[in-house]
Amino acid sequence: MVSLPLLLQEAHAAYEPILPAWILLLPLIGAAVNGIGAFMWRGNKSIPSLVGPLAVIGAFVIVVLNFVAMLTAAPHDPAIVSMWTWMAAGSLSVGVDLQFDQLSILMCLVVTGVSSVIHVYSVGYMGEDPGYSRYFAYLNLFVFFMLVLVLGANFPITFVGWEGVGLCSYLLIGFWYENQDFASAGKKAFVVNRIGDFGFLIGMFLIFVHFGTLSYTQVFAAAPATLAYGGAVVTVITLFLFLGCTGKSAQIPLYVWLPDAMAGPTPVSALIHAATMVTAGVYLVARTSVLFAMSPVSQAVVAAVGAGTALFAATIATQQYDIKKVLAYSTVSQLGYMFLAVGVGAYTAGVFHLMTHAFFKALLFLGSGAVIHAMHHAYHEVHSHEDPNDMRNQGGLRRYMPITFTTMWVGTLAISGIIPFAGFFSKDEIIWYTGAYGYGILWGVALLTAMLTAGYMTRLMVMTFYGENRTGENAKSHLREVPAVMWIPLAILAVLSVIGGWVNIPDALPVLPGVHAFHDWLHPIFAPARGILESHGLNEAHASPIGGGEAMWAGISTVAAAVVILLTFRALIHRTWKPAAESVDPTGLAGVLYNKWYVDELYDRMVILPLLALWRGCWRIVDAGLIDGSINGLASSTRAVGWIGSLFQTGRVSTYMFYFVTGVLVILATFLF
Amino acid sequence: MSFFESHWVLTVLLLLPLAGGVACLFAGEEDAKHVALGTSVVAWLVSLPLFWTFQQGTAALQNFVSIPWIGQWGIGYTVGIDGISLLMVMLTTFIMPMAILGSYSYIKRQQQSYYGMLLILMSAMIGVFIALDMFLFFLFWELMLIPMYFLIGVWGGERRIYAAIKFFLFTAVGSLLMLVAIVTLVYLYFRQFGVLTFAYNDLVQLPITRSLQFWLFAAFALAFAIKVPLFPFHTWLPDAHVEAPTAGSVILAGVLLKMGTYGFLRFAMPFFSYAATSDLVVNTIIVLSLIGITYGAWVAAVQPDAKKLVAYTSVAHLGFVMLGLFALTSESVQGGILQMVNHGISTGALFLLIGMLYERRHTRMIEDFGGIAKVMPFFAFAFVVVALSSIGLPGTNGFVGEFLILIGTFKTHPVAATIAATGVIFAAAYMLPMVQRILYGPVDSDENRGLKDLSLRERIVLLPALVMIIVIGVYPGPFLARTAPSVNALLEQIEVRAVQAPVEPLDADVRFDHMLILGLHGD
Chain P
0 MVSLPLLLQE
10 AHAAYEPILP
20 AWILLLPLIG
30 AAVNGIGAFM
40 WRGNKSIPSL
50 VGPLAVIGAF
60 VIVVLNFVAM
70 LTAAPHDPAI
80 VSMWTWMAAG
90 SLSVGVDLQF
100 DQLSILMCLV
110 VTGVSSVIHV
120 YSVGYMGEDP
130 GYSRYFAYLN
140 LFVFFMLVLV
150 LGANFPITFV
160 GWEGVGLCSY
170 LLIGFWYENQ
180 DFASAGKKAF
190 VVNRIGDFGF
200 LIGMFLIFVH
210 FGTLSYTQVF
220 AAAPATLAYG
230 GAVVTVITLF
240 LFLGCTGKSA
250 QIPLYVWLPD
260 AMAGPTPVSA
270 LIHAATMVTA
280 GVYLVARTSV
290 LFAMSPVSQA
300 VVAAVGAGTA
310 LFAATIATQQ
320 YDIKKVLAYS
330 TVSQLGYMFL
340 AVGVGAYTAG
350 VFHLMTHAFF
360 KALLFLGSGA
370 VIHAMHHAYH
380 EVHSHEDPND
390 MRNQGGLRRY
400 MPITFTTMWV
410 GTLAISGIIP
420 FAGFFSKDEI
430 IWYTGAYGYG
440 ILWGVALLTA
450 MLTAGYMTRL
460 MVMTFYGENR
470 TGENAKSHLR
480 EVPAVMWIPL
490 AILAVLSVIG
500 GWVNIPDALP
510 VLPGVHAFHD
520 WLHPIFAPAR
530 GILESHGLNE
540 AHASPIGGGE
550 AMWAGISTVA
560 AAVVILLTFR
570 ALIHRTWKPA
580 AESVDPTGLA
590 GVLYNKWYVD
600 ELYDRMVILP
610 LLALWRGCWR
620 IVDAGLIDGS
630 INGLASSTRA
640 VGWIGSLFQT
650 GRVSTYMFYF
660 VTGVLVILAT
670 FLF
Chain E
0 MSFFESHWVL
10 TVLLLLPLAG
20 GVACLFAGEE
30 DAKHVALGTS
40 VVAWLVSLPL
50 FWTFQQGTAA
60 LQNFVSIPWI
70 GQWGIGYTVG
80 IDGISLLMVM
90 LTTFIMPMAI
100 LGSYSYIKRQ
110 QQSYYGMLLI
120 LMSAMIGVFI
130 ALDMFLFFLF
140 WELMLIPMYF
150 LIGVWGGERR
160 IYAAIKFFLF
170 TAVGSLLMLV
180 AIVTLVYLYF
190 RQFGVLTFAY
200 NDLVQLPITR
210 SLQFWLFAAF
220 ALAFAIKVPL
230 FPFHTWLPDA
240 HVEAPTAGSV
250 ILAGVLLKMG
260 TYGFLRFAMP
270 FFSYAATSDL
280 VVNTIIVLSL
290 IGITYGAWVA
300 AVQPDAKKLV
310 AYTSVAHLGF
320 VMLGLFALTS
330 ESVQGGILQM
340 VNHGISTGAL
350 FLLIGMLYER
360 RHTRMIEDFG
370 GIAKVMPFFA
380 FAFVVVALSS
390 IGLPGTNGFV
400 GEFLILIGTF
410 KTHPVAATIA
420 ATGVIFAAAY
430 MLPMVQRILY
440 GPVDSDENRG
450 LKDLSLRERI
460 VLLPALVMII
470 VIGVYPGPFL
480 ARTAPSVNAL
490 LEQIEVRAVQ
500 APVEPLDADV
510 RFDHMLILGL
520 HGD
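For the record, the sequence lines run as chains P and E. Counting in numbering that gives the first Met the number 0, the first sequence tops out at residue 672, every number present. Counting in numbering that gives the first Met the number 0, the second sequence tops out at residue 522, every number present.
So here's chain E without its partners, still in its complex pose (with noise of 0.2 Å):
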């Protein structure tokens, strides 16, 4: 068995990046980011094998540790990953130093915390994606909340302090919920088997009361729809974007509001399978998504500034995956999983290309600028195919996930997912008018004129985006294939439990439990 089948390698790849983390709070002020990015790039090469001795075929979870941790509580380190999570984590890895380069320029100051955050940041991201303990994964899923906190509240822009406690807030609220639910169900596996435990695989077997469900189901769902963002939650976004540093935004936009979805899909659905997939939940989730994908668009289509207009599209980018899940066919789920990695690489680059201009001119204003394509040709090039990626042109990345999640969630939801392809039109209505307003017209002032091209730094922090944007879009057949039997055996899972779920428990004490938690008890 190599390093790579062997159950370490998860392990090493979390806390590698803390290590580096730490490193970098010691290292000097100009060497903090050669140490960020050398250990980002280790860990991506790292991640990199996993994907191919990543075993096809199986929905098993793999690369599998669980280690007694605080023994009396049933708390475990267990980490693991299957098709889904192995695309989360290979996403974060290869965001991150692409994230880190891309920085290299931009921040002077604070540098060595600056780095430190963002390893730190990674180690928590890959955290909760490999988590199976929901202890564990709530440890990650916190600690993620504080290096972001910092990143955008001391290194973000003008209103950096706003929107640094309005993410931390709404992220909060959301959490908190979620914590009483994991304690809940935590509890109510003891009552029923006498066993205290954490741990992922016990709990997704708990049988729980179909009106329990839905109020769990709440509460898992409201921190993850802020995370995603669902509509209405998600003013948040646009100002955290428009905020943090690039990195900041492309990490965020990256990874973080995939753990939203992720966490959906990893928790709140099979634990919840009754009140996932009732008509109650599944109609309020596609409408707000619909909700999401069109009203995303509009207010895209309106915003001056270009990274709020980037902001918006991912509400509406976001609201794709969110039907694609929710409409529970193989073809949508995959697709959305597919979605969120693509998501995640071309607004990413997006956002990359953004601070890149940002960097040079101080605004981000689209009005601002005007011809760019004339003085800064390559980086028209490079943004006029993230753009098309955005808008979902067959031939990149982003048309085979949308292209997926809509033919699925057509089976079952057909008014649904026509709604949603009106998206494929203001799609193109949001991103083509930046795009001219930015590189296309005349180069009318003089700041503009004088403006240099992508350095070869800035074309190497690009480049893994561009190639993945071409290589996903025309030969997905290895990420679908590793993400096939995780999802149909989800799939199957869901289906399975919430027809199982029971109307009332068996045993006297958990039904007073149950009512008990419901708030149902009379004397």
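Extracted from the complex, chain P is given alone in its bound form (with noise of 0.2 Å):
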């Protein structure tokens, strides 16, 4: 082992990725042994809870030493580090490859970062569950894949990672397998990401075709030269690819899958579907953000999902009453801005979101779980079934969970862009740059989704923790606060939903020094996909559509959120509400919000109905009916007449007798006639 200053020093001449495959293998290590914890000692909970968290803290250390590594030697150029060739056929030949630069690494921090926090977190909150072992395997393997994913130097290698993190986190929402709703759960999202992955594949094919090679350092560099710019090839792959994004990052059409995904334990919610690998498909703009910026139609669709997302899902967070699903569809709502972001050409500013939302959002599900875990621990002691997640059955915690609370709120505030939250930097950058670079209706609606951000999550704080608790006689005296090994890592998040936003200033805020660290960071990452669309006139207005700078309407959306923040508060303090057994389904407006916009419903009835039937029809018809029909038939038309044949042979000599002579007149007759 090299000692650490050592290794620093090396580092600081040029940057060498140091121990790059430890970052992967230490995951996967940890994964096998749980894994095998998982059948030979079943038992044990001191392996797992000793392997796992230390196997992904190992991992965020090293990736640590990389960071200042590359923070002291300001490569301008990637590192990729080769290992073995995977696939070598005719002119294709894919490398077992790795790519540290400044967006992979970024990637890596938050993944390894979150991770170790909610590993730890996972501690206290699976500690009792009999399946302790192999959740940590599944988790520790979900690391790995998403590590795979942000350091492949290639499309197939970040592919690897893409369908290995939807494989943990198929595994992981059905992890409580023996409730077959969790388990359909688990398979609707492993069928709903495939549909995206379908658009990966195409989008690699066409990359290939056109380039030659599938390595991201050849085919950026290529690009320019090799594709037209705002061309058909160009737009297609583009559009192929973010169809892939819109499966695993949960956007229209295909986020259906995330709100289900709920059902999984609340730490996975938090670390695979809302912080890390739900934002693999804004990872992935960013990172081919140059054949991105060569497409204005995909980065004008990439735009318009990412809104329209934003603004759907935020309209159907307001009325759901599992804490869970409100977070599932806030974090859909959230990643739309992500994808707004890049769309419009702000790829920064959606990185910069990815991480803030990282923190912010793993904060509120570890928050949420916190809840729950109290809760159902409530409901145990009691032996109820109510549902724990339900916030009609919740109300008045901030009494018995006074350090959950406080940590919610500093989310709350986070995601609603209340300065000098984490959110409010990120956010007002996306608000922001879609004005100034002239995308006047995304912008109108990307305020309108902060002000319902800022409405859905007061009435979450407000349902779950004022008023009069509705959780039942009983069962109160048994709600209290987490033990440490829960609200610790809470405590960590808050701090960083807080100071997670100060990398990245605004020189324009007045009050506060212009920082551009984050900014400066991934320059040399997004610096030719942004010179590409300035080359092309884009994105230089920097004036918002309605006038004023970017101080303004900074100012203008953070008061627009307090605002919302402050009329919510007041009008649902007082509101009381029954617990969920007694209420009945909202309906109207309500209803259909609650319901979803009944777009599962659709979905059934419109593609799995219709595929169900045809498929039963190919089976039924076709190939019972058809094709052995005709075999079928075949065979007894074969019996048949050999039977007709058979009646001939009767065995008797006057009957053969007779068919002789017949048969010489016939031919006596033909020869006549």
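Simulated from the structure, these hints should not be mistaken for laboratory data. Be aware that one or more of the hints could be misleading.
Stated by the list, open to error - Covered stretches of chain E, going by a simulated chain P footprint (3 or more residues, C-beta under 8 Å):
#1 367 to 375
#2 407 to 418
Claimed, not checked - Covered, in the sense of this in silico footprint (three residues per stretch, anywhere, with C-beta under 8 Å from a C-beta of chain P), are these stretches of chain E:
#3 111 to 125
#4 294 to 302
Unchecked claim - Sample of chain P residues with no beta-carbon within 10 Å of chain E, all distances over it, derived:
#5 P77
#6 S81
#7 G89
#8 Y465
#9 L571
#10 L588
#11 L608
Being a predicted model, the structure only gives us computed values, none of them experimental. Note that the Cβ used here is the ideal one computed from N, Cα and C, for glycine as well.
Combine both chains into one complex, guided by the hints.
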């Protein structure tokens, strides 16, 4: 083992990735050990409790070393680590290559950092679960694949991670597989994601056919010369890639799996379905920004789908009662913001929001997990089968869970974009650039969504933590704050949700010093794409559609959010809810939103049922009917012909004489006439 | 020169199972299985060094032996392997011990003949893959039918007789026309060169007029298409699979179906290069492959019987292979060959797993299960890994094969590749519901609650498959490196010969023969 100072010293000259393979190997080894443990020492909790978190924390430490080294060396080009040739045939050669650059290291920091916190939290949250070791095996495996995804130096390696995280998502959504609904939710996630993966595949094939390579550096270097700007090819390539993104990152039309994915344990929702995996689509657009920048059509589609999803999901979030469902739709909505950002060409802003969102959404999910943990415990004590997730069963929890309550408020203010919380800086940038780059309607949508966000989050806070407690007289006395192993992660994420945005502070804000660390860091990554956009006269405007500078609009959006929070708080604080069991489902517009615009039902009727009917028809009518029918028909007609033939074989000489004479007569007749 | 580089290793490999098979017939009722297992493991061990001693970077036939057999007809004992047949032989010797050990507890009657049949079948399969004489090839091709017929017909399920006859008739009909075509080839060669020969290396040089190529190709193609099976010749497969004992299904899916795709690659395509690369044939086969990929998956998705479901997935998977072969790019053909191996391993393992369930519950109906993961965790683990390989998840073998096929096909037929790529969605749509309904959910029946997890023997049966699924998925290099020279040489040969194929034969006599065969001659 080389000593740390030496490693850093070496890195100072030129950046060389430090222990690159170990970043991946540690989580993989963790997964293997815990996986074996799930069979061999199932009752043992101490091994997974150690191995699971340490494997990820170890990877985090190596990533930090690499980050520091990269910070010192400030390399302009990515460092590629080639491990072995994976697939080579004909002109195709795909290596197991890792790419270390500012974007992948940033993603690694977020992934391993948030994962470390959530692994520790899981020790508390999953402590009583009989599948404890299996849980950590899946979670470690997820981290492994997520790191493969962000570190891959070519499309196929990213795709390995892409589908690998999908597998882990599937396994973890259906972690409590004895519940048929949970298992179905996992299956739905996998199948819907596969629709997206189909797009990713076709995008890859097109790239290979046009570039002859699938390596990122080669494709991006060749792209401006190889493909025509704004041409059909680059548009089709990027739209297929984006189809993949809508699957993985839960955008319209493939978002439907994510709300159902909340069936998984809550730390999983926090890690996979909020902070990391679902941002993979944003990462892919950012990674391939050169290609997207070459297609104005695709950029516009990404922006429009992002904005549309942001608003659409936010409306649904306003009427959900399951605390995790609110957060799930909130995630879909926030991912929409990120796509809006990368769609309008504000790539850095998109990745910035990806990072801050990872902090505050992980915090919010873990906070909701703390609530559910406490509720579950209370109901368990009194043998009640009420739904611990339903906010109508909660209320007044701030008295029982002060730490969770406080940290949840931090998360709420962050996601609502209140200054100086992390979400303010990233969301403000997105809204500002959307307007400044001239996307007037989308800018309005983004602003409206920001207000809805503040609204549904305040509703969540009020229903969960304020007012009278609705858990039930007996269960109430068992409500208590979660243990330190769970609230310390909350505290860490709360701190990040405050200061996480301070790496990028706009100059325009007079009260704070301008900091561009984040922009500067990612500059080498996005410079080519920005160059393409600017050389075509795009993204140059620097005024909002209705006047005013960034400072003014940052002020307006934060004030708007603050006003919504206050109004919602005042409107709801004195309202009383009945516990879920006594409530009736909402009707009217609220009912439509509560039922998620009936999109699941629509997909069922329009897609799934007709497909199943077609498939049954193929089996019953084509296979069993047409093909086998004619085969068996051929067999029986052969038998029938044979039977008719056998009638002539009477065994009597007289019959045969008769045939003979008839035959002779027929032949003679043909000669005569 | 070591034994494994010598000429005789293939012959040893060919005769060893045959000898073991005869020994089984004379062994005691309870000893037969041990004899069979021992023989197959030794055969596997003999074949294993072939993989390493195989000379890479050359398309030349290796371990080549040619001895005159029926001299006056030009029939010889001619065997040898290139990279393609190497993998097929390895696949056969890999699958057989699993199939045999997997039968240990299931087969309880007439064990001597059962294991004897399995080993004779093994010889015949190896023979098909190494034969380089058309007579010898046809001999093994037909020999394969007999043990399989009995395996289904004697040790099969309720409708075993129907399935066995269906299997036999489908295959025999195809073979008959192929025999006619082989004889025609030999005859044409004789007319042109005055030499009577059945040798592959000779016949593959024979110039055949373009119009005649289509007829002869059709005769070969029908035999192989039935075996693959290509839509719409596939309906024997679900019946055969459902009724066959587990080992029968494993061998059927694992090896026998590959005889069809191998036949196209080794015989039909190089013999009749012009026809095989013509738009008519390529487009027809690609369309049928696409139907196989989509339709096979759709029908699989609605099957209530787990074994039948897996049988239909074979139609989809082999559709991928056929697509790869006829896209005629180096990537797609190599992917196709690798996918033949992958399908053998994964689908073989799936049939073994379903067989293990069947032995416990005596049902194959998916609805009879549920919550099996709770009572049989190791089974669940293996089942999920194998299912993911079948789905083609990256990191498993299935992905590498499908990816190479699709990306290679995309170069020449982008629309077809795009349609085929929808297969990745459907694969999830048929496999995951089965996984869910068998493994997940509550354990709601008493029969299922009492099930025992896999025994040590059963785990040993599955272990090689699980290992290979990951090994090929992560490091397919050694496999691709061995097929690359053979595939590239083959593609080049096909391309050159397609151009060279005569429009009309130069020699008047030969022209007359061609017309005669086509039935075109007037008086």
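Each hint tested on the structure:
1. 367 to 375: holds (count 3)
2. 407 to 418: This one holds; 6 residues, not fewer than the three required, reach chain P with a Cβ under 8 Å.
3. 111 to 125: violated (count 0)
4. 294 to 302: Our answer is that it holds, as 6 residues pass the Cβ test (under 8 Å) against chain P, meeting three.
5. P77: P77 of chain P is indeed farther than 10 Å from all Cβ atoms of chain E, at 22 Å.
6. S81: Given a closest Cβ separation of 13 Å, the condition holds.
7. G89: violated, 3 Å
8. Y465: Answer for Y465 of chain P: holds, closest chain E Cβ roughly 38 Å.
9. L571: holds, 39 Å
10. L588: holds, 35 Å
11. L608: holds, 12 Å
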